[in-house]
Amino acid sequence: MLIGFTLKNFRSFLSQQSFGFAASPDRAHESTHCMRTGMKSVPRLSKSAIIFGPNGSGKTNFVIALRTLRELVLHSTGYSEHQFAELYTPFQFGPSAHSPTEFEIDILVEKVRYRYGIAFNAQRICSERLLVYRTGKAQRWFERGYDEAARTEDWAPFSPNFNGPREMWRKATRSKALFLTTAAQLNSEQLKPLSQWFEHGLEIIVPSDAMDLARIAASIQDQEFKRRALRLLGAVGVKVDDVRIAEQDASIQDQGGGRPSAITHAPHVAGRLQVEFLHSRDGWPSMWLESEYEAAGVHRLFGLLGPLLSAIEQGKLMVVDEFDANLHPLVARFLIKFVNDPKVSDRGAQLLLVSHNTTLMDLEMLRRDEIWLTEIDVSHATNLSTVLRFSPRKHEQIAKGYLRGRYGGIPAIEPDIYTMAMDATNKQAVGRGRAKFAT
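Once you know that position 70 of the sequence shown is 69 in numbering that gives the first Met the number 0, the rest is easy, because the numbers rise by one and skip nothing.
Hints are not guaranteed to be accurate.
[Said to hold, decoys possible] Using 35 Å as the maximum straight-line C-alpha spacing, the simulated DSBU-like pairs for lysine-lysine come out as follows:
| hint | residue 1 | residue 2 |
| --- | --- | --- |
| 1 | Lys393 | Lys39 |
| 2 | Lys110 | Lys225 |
| 3 | Lys191 | Lys342 |
[Claimed, not checked] Quick list of simulated restraints, FRET-style, between CB atoms:
| hint | residue 1 | residue 2 | range |
| --- | --- | --- | --- |
| 4 | Ser390 | Gln220 | 22 to 28 Å |
| 5 | Asp241 | Arg43 | 36 to 42 Å |
| 6 | Glu395 | Glu29 | 15 to 21 Å |
| 7 | Arg392 | Phe92 | 52 to 58 Å |
| 8 | Asp241 | Met167 | 38 to 44 Å |
| 9 | Glu85 | Trp283 | 51 to 57 Å |
| 10 | Arg403 | Ser285 | 50 to 56 Å |
| 11 | Ala84 | Val205 | 41 to 47 Å |
| 12 | Gly163 | Asp345 | 30 to 36 Å |
If you are wondering where the hints come from, they were derived from the structure by calculation, not from laboratory data. The beta-carbon is built from N, C-alpha and C at its ideal position, and this holds for glycine as well.
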């Protein structure tokens with residue numbers, strides 16, 4: 000389970016900004032929206048949270064930051080110099096463009112708390128540290144830093160609680176690789192739970208992932224999964240009787256059995272995978288329809304179902320960028336309630352969403368500490384905060400207050416700028432016309 004994530008000097012994020020699932024003392028929706036951790040420091044975690052904000056305010060950058068950390072943890076030992084340098088995308092305005100990017104993640108895995116932080120630039124890993132809480136006190140399992148002046152790496156003594164051939168792992172760790180990645184790949188049993196959380200416990204969905212056919216094809220081979228997915232589609236009013244992955248043959252168009260060429264949306268390619276949905280109607284034979292006949296919302300919803308059900312069954316964190324794209328507001332609300340329902344989700348699943356759908360800003364559905372906002376400050380940097388810092392009342396209409404600007408995080412729309420610019424353009428055009436007429 001994710002407790003929190005902190006980032007600094009990454010894309011639009013300049014100063015240190017933090018997100019957290021730690022629940023406030025607020026008792027609203029406590030029995031459904033919160034999970035007990037067994038820790039005194041963070042006794043409860045929320046199951047869901049949504050980040051809102053204007054276009055260009057850094058919401059997607061936050062998702063990319065999580066994805067970048069995951070990629071580094073899983074693959075840092077295999078990057079070329081160029082691939083590693085591409086991951087470094089600091090805030091570009093000012094001296095920060097040459098300062099390290101910093102990430103820290105705080106997670107709970109198998110009742111053990113891990114606080115893992117790194118800093119890196121285009122040339123190397125600048126620092127790396129892991130704190131582990133098996134009891135109330137932190138154990139610093141490892142820590143490394145880089146002395147720029149001396150051009151040497153400094154390693155703190157390893158914790159006696161951290162076992163294994165630690166010196167061998169240290170010597171095998173390259174300047175552009177993480178010690179966590181290196182040691183986990185060299186069979187550190189103690190680091191495997193943390194490493195495997197990044198691989199199997201964190202699911203990040205961006206719009207381009209919505210119809211990953213390879214993933215869907217693997218999922219629907221499981222008949223129990225397919226049954227649950229179809230039931231979930233039916234629960235939101237999508238009437239589909241079955242789904243399959245078919246291999247489309249190029250010769251179909253020439254056999255007269257396919258759809259008329261006048262409505263062909265894309266050329267058929269031999270061996271191309273195609274999602275097909277079965278529809279049955281009284282008085283008519285059942286028919287398999289290719290996915291391009293289905294609405295974009297069905298595509299989007301079906302693409303989310305696999306990761307969503309997997310997250311619920313395995314207790315994953317599922318992060319979805321542009322969650323509301325092509326989804327009806329009532330369907331979006333249903334999916335959030337689905338994850339918060341303790342009868343459905345009781346294995347530690349969490350949902351972190353990015354959205355513009357203000358109908359989701361509803362205290363009947365979300366807690367005040369589950370509504371987050373991004374906005375750009377005067378230095379063009381992203382600030383991230385929860386609406387709770389404005390102390391809204393327990394039954395306040397958050398969406399209405401948000402759209403009125405009470406909490407910030409809304410577009411700074413200035414129609415006068417456009418009007419004045421068009422006015423000036425029109426005057427210039429009139430002036431040129433008169434000059435031409437005079438000549």
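Now for the hints, and whether the structure bears them out:
1. This hinted pair checks out: lysine 393 and lysine 39 have alpha carbons roughly 26 Å apart, not beyond 35 Å.
2. This hinted pair checks out: lysine 110 and lysine 225 have alpha carbons roughly 32 Å apart, not beyond 35 Å.
3. Of the supplied pair hints, the one linking lysine 191 and lysine 342 holds, its CA atoms being roughly 30 Å apart against a limit of 35 Å.
4. Between serine 390 and glutamine 220 the beta carbon distance is about 51 Å. The supplied range of 22 to 28 Å is therefore violated.
5. Taking 36 to 42 Å as the suggested C-beta distance range, the pair aspartate 241 and arginine 43 conforms, at roughly 41 Å.
6. Between glutamate 395 and glutamate 29 the Cβ separation comes to about 18 Å, which falls inside the hinted range of 15 to 21 Å.
7. One distance hint, 52 to 58 Å for the beta-carbon pair arginine 392 and phenylalanine 92, is violated here, with the actual separation near 38 Å.
8. One distance hint, 38 to 44 Å for the beta-carbon pair aspartate 241 and methionine 167, is violated here, with the actual separation near 53 Å.
9. With their beta carbons about 53 Å apart, glutamate 85 and tryptophan 283 fall inside the hinted range of 51 to 57 Å.
10. About 51 Å separates the C-beta atoms of arginine 403 and serine 285, a value consistent with the hinted range of 50 to 56 Å.
11. For alanine 84 and valine 205, the hinted distance range of 41 to 47 Å is not satisfied, since their beta carbons lie about 22 Å from each other.
12. Roughly 34 Å separates the CB atoms of glycine 163 and aspartate 345, a value that falls within the hinted 30 to 36 Å.
The earlier numbered hints that this structure contradicts are 4, 7, 8 and 11.
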